[in-house]
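Chains as they are written, first to last, in our numbering: chain A, 1 to 325; chain B, 1 to 325; chain C, 1 to 325.
Hints were generated in silico from the structure; no laboratory data involved. Do not rely on the hints blindly, as some may be mistaken.
[Unchecked claim] Now the stretches of chain B that chain A is said to cover, found in silico as 3 or more residues with beta-carbon under 8 Å:
(1) 18-26
(2) 40-51
(3) 203-210
(4) 296-307
Remember, predicted model here, so these are calculated numbers, not experimental data. Here a beta-carbon is modelled for each residue, glycine too, at the ideal position from N, C-alpha and C.
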Amino acid sequence: GYGRTGIIYYENDSDLRETQVSSRIRMNLDATTESDAGVEFGARLRLQHDQNGSRQSVYDFDDEEYRHDGRDEIRTQAGKVWISAQGLTVEIGNVDTAFDSAGLLYATDLGSYDRSGAFAPSVDLSAMAGGFFTYTDSYVSQNRVGVAANYSFGDLTVRASYVDPDQSDMDTDVVSDIIGNDEKELGISADYKWDDRLELSGAYTNNAGGWDGVDLFFVGARYAVLENARIGLNYVNADDFNVGGVADNAFGQTVALYGDYTLADGLTNIEAYVANNDGDWATKETDNAFGIGVNYDLGGARLGASIHRDYRELVSADMGVRFNF
Amino acid sequence: GYGRTGIIYYENDSDLRETQVSSRIRMNLDATTESDAGVEFGARLRLQHDQNGSRQSVYDFDDEEYRHDGRDEIRTQAGKVWISAQGLTVEIGNVDTAFDSAGLLYATDLGSYDRSGAFAPSVDLSAMAGGFFTYTDSYVSQNRVGVAANYSFGDLTVRASYVDPDQSDMDTDVVSDIIGNDEKELGISADYKWDDRLELSGAYTNNAGGWDGVDLFFVGARYAVLENARIGLNYVNADDFNVGGVADNAFGQTVALYGDYTLADGLTNIEAYVANNDGDWATKETDNAFGIGVNYDLGGARLGASIHRDYRELVSADMGVRFNF
Amino acid sequence: GYGRTGIIYYENDSDLRETQVSSRIRMNLDATTESDAGVEFGARLRLQHDQNGSRQSVYDFDDEEYRHDGRDEIRTQAGKVWISAQGLTVEIGNVDTAFDSAGLLYATDLGSYDRSGAFAPSVDLSAMAGGFFTYTDSYVSQNRVGVAANYSFGDLTVRASYVDPDQSDMDTDVVSDIIGNDEKELGISADYKWDDRLELSGAYTNNAGGWDGVDLFFVGARYAVLENARIGLNYVNADDFNVGGVADNAFGQTVALYGDYTLADGLTNIEAYVANNDGDWATKETDNAFGIGVNYDLGGARLGASIHRDYRELVSADMGVRFNF
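Excised from the complex, chain A in its bound form:
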């Protein structure tokens, strides 16, 4: 797991304070056993405390402004069981989905909070989480069950996942006040690394997030032009994505150019992105978003900061520390 803390600024016209403290403590409780034949059996439960989370809420697309989510929750999260042997891992339960696990999907994230304004519709691609299933913080449907598999051989990793949000066929919807998203989601993704210089990543998901007929595509590539510099290009097609059938939430296609550069000290890493989105949704003001960030490696921990301007022409910034354990 990891811990992180620091402050985040969200540009804001209301009376709410723009700069607030935001922290997260995540502890994964993993238990494993190995059979005589070398098959690993494992189970994970997760304890997580979020103080004033770093993301905005997902469904509030009419809000013209940034705001802190004000959430202060500690949760014991639904678990998953896995069986692993010879590069193949099968997970059952609250699984990590194939789309969410694509290697470069979050490559534009900056700073210690790993935030990004590059992708529609919000400051962070994962704000599209209404768009596809992920390892969830908390279940919204009692009947949701997932199965996922991933297989690694050499430099190639392939993944597939299947999430049934309504395995009892009781027609419960994932989002209780919206009708329709109880379809089975199928996703696949693949990552390839060549000579430690070139990374390729692709993902596709059908019935994304349980919405009938919603397809999402992603491809990305990153190349190490120098020992200490990388440049990448990501493309997401979310033309199908909308929420509750609202027409003006067409999130369109996004292209992002990004890169990072490590200074001669070997500890300071500067990173940036610029992105173009052709979608057309309610709060959008511009087609271009950009951000720049820096991370300083403390060895076991890192200090980070970033500043972004997103498609709503709003500015956000953060500064903090993150450490893994």
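Knowing the structure of chain A, use the given hints to seat chains B and C on it.
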């Protein structure tokens, strides 16, 4: 703790899917310390995630059909404290009760889910859990407190437990919509093993489950007729058991004959039971229940499957994997 | 963490039972990592189960009687993140406050439950918790955030803490039904130890517990008059403390004289206090409270008992065992 996952089939005439995924992850968090004199002090909390639990709900005796419980809960369970020295262990809090701990009580359970249709009224004896107190998943009364003691010397283990569901005398009932079950439950049990061939087990509880005047009896015996074959006989008297004073929930007496046989590979274990119940309750169709199961030892984990036909003439089956850690 | 269990007697005229079982299991889940430069980064989550807690509820000042709190909760508590280097520790989140951490503040606590009747208004100084912020069991405001720092050099430790119960400026109150306590609390404290014989401790907090203008002061000293005997004097000024502006909850000033004596066996420790309070609140009957207790060291665990008569002229007693792990 342990993890298990797989699929369970419940015969069913409704629109609900008959075969569903069911998983459990149980993590016991035990902390112990030892005094200079060798007395062990310990405490346990438990984290558990149930995905679509393997048991039917307890109080729905009018339902003519099997169904999955649809539960998907992750819970932090009430704890217990224990003190242990020289074979004697005293527990306080959410205790393992004497009746529930009797060595052969669950000996008819089959497969990786340890399910059984041998005892009234349901697919599993512990579906009679309304009948006696156990280590609970979640408290229904704030005032419940238990004390339990067990003592082992050589091949004999004796246990006693006392559960007061209303220690403040506020007359709160354990089951909030049913009046009456706030009595103090007293239970005793004993296990004896002779020469590793013969096992004897017996238990008695008074005011079972907090119900005034409800007595439960159990005796069981199992004998290893061969190195790799055992045969056993269990008897439960639940004549007193009913819920909410409903007369036709007289669960009567049950006799079960059971056995298991390990194949020459030393890994495959076949197990079966046949049971007769003379009770008379609403959904009962026949006096006989039977089941057969198999477990394959993976070393540290086991694959298992079982099929049952119970007193309602309904069939259920399961297949899955279970591993301890 | 620790576990403790035993029985507590509260004098009581109602029908509720006076002697009840009370237990607590506390498990601190600490995760730490160290940077190359020797800076420690850490995070804590806490799991705690309280069976019928040892304290009375805080806000019920009109109740003329003792009673058990009947609480039986298991909670996953809000976390904190810390960074530590060269004697300086900075905490963020659910912090241990400076006032609550003062070394001698709880020095009058007796027995295995560490209860005390020495300070106003209740059987335990920490029943004044409405008076200042502490590491909380559960958040009552989503927007609460704390920062604390402590620095040790040699025999001196100094601490400062800052708790903002409303960092978003949404004017939510800590206690939902009482208006006013959303101010920022600032606290400082210091401890000094001289030659292992003399201990000095002092603390001050402004806007205590989020209440505007409420100041609390504490000073204490303890001296080892013999190798096996100590005597101490504590002073608390809670003149400002009231709840909801109720005038007759003026808790005034309290002076307590206390000491402890270890018998020649080196294991049995006898402790006692006598306290005088000049406050004037609704349920007060006398200016003097006193108590005596004993602890027997089992090595890793301790048996303890205590008996108290507090300012309401009510008697309480406890007996139990406590062990750390």
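A quick look at each hint next to the structure:
1. 18-26: holds (count 4)
2. 40-51: This one holds; 3 residues, not fewer than the three required, reach chain A with a Cβ under 8 Å.
3. 203-210: Since three or more residues must qualify, the claim that chain A covers the segment 203-210 of chain B is violated, with 0 doing so at under 8 Å.
4. 296-307: holds (count 4)
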